[in-house]
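Q: Sequence:
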Amino acid sequence: MSDIQINRPNTPAELQQRILAQYPNLSKRLQQIAQFAVDHPNDMALETTAVIAERAAVQPSAIIRFAKAFGFSGFSELQRIYQTRLAETASSYSERLRRLRHEESRDGDTSARAILQEFCYANRMSLEHLGEDIDAQALEQAADIMAGARRIHLCGQRRSFPVVAYMGYALGQIDADVTLLDGLGGMLEQQAARIAADDVLFAVSFHPYAEETADIIRRAHENGAPIIALTDSPLSPVAAHATVCLEVHDAELHNFRSLTASMCLAQALTVAVGLSLNDESK
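Counting in this note's numbering, the sequence shown runs from 994 upward without gaps.
None of these hints come from the bench; they were simulated from the model.
With a Cα cut of at most 20 angstroms, we get these calculated EDC-like pairs of lysine to aspartate or glutamate:
#, residue 1, residue 2
1, K1021, D1032
2, K1061, D1036
3, K1021, E1047
4, K1061, E1007
5, K1061, E1040
Computed spacing ranges between beta-carbons, pair by pair:
#, residue 1, residue 2, range
6, L1109, Q1052, 32 to 42 angstroms
7, N1018, L1120, 29 to 39 angstroms
8, Q1130, D1036, 18 to 28 angstroms
All figures in this text were calculated on a predicted structure; none of them were measured in a lab.
Every residue, glycine too, gets a C-beta built ideally from N, C-alpha and C.
Using the sequences and the hints, build the whole thing.
A: Okay, structure coming up:
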């Protein structure tokens, strides 16, 4: 048996773990492909080398180098691993067909109602994916950490802010000790300085990632506090120091990204924490 056969990942899970582990050591071009592969596994399973190269903004030859870097003889072998993953979650095929039929039925309609229907459809898809793909063990761990913390600190900038603002309100309603790091008056660093080792930081950030959030995460990590990250990729900067990383993908239409799936996950986590705190008080 050749070294390639010995070293190459044999399952989608093994491949994902290998990519995440080797990511810091990859060249800039291979990191671009790794980011694309982690964020768009269905495209890796279904598209040609040329299409993937164009979407990842690299040369097709770099796709081959990426495959060989992980022990495969070429892209076809690597793609078969992604196709195995797709077969295990066959709903992705039907999703593409539904999306195609949906887009064909619009016939260029740009009325407010048609746009509403588009967003409803796309958000239903993102919610379906959330329910099917969420790491249940990670979600339970996140809820346990938050319920057991002395204080919950919430951090999210720009598009992510509504998620943590809602959680700050909802957790306050159930009498959890919660602090929203809103940076009002330029006081974000001073607010973050209060994060202690027996607290927890819940940080939300999506591409393009907010540097302020990454800075707060580094501060919390230095202080020894557990960190729960809600983000769109395990390779995002906010995932680097995360104790628990919750991955979510919201719908994007007309250059607007929804927060439906993120808010749903935030609501579920908030209720889980509330129920746990209620049980402890009995």
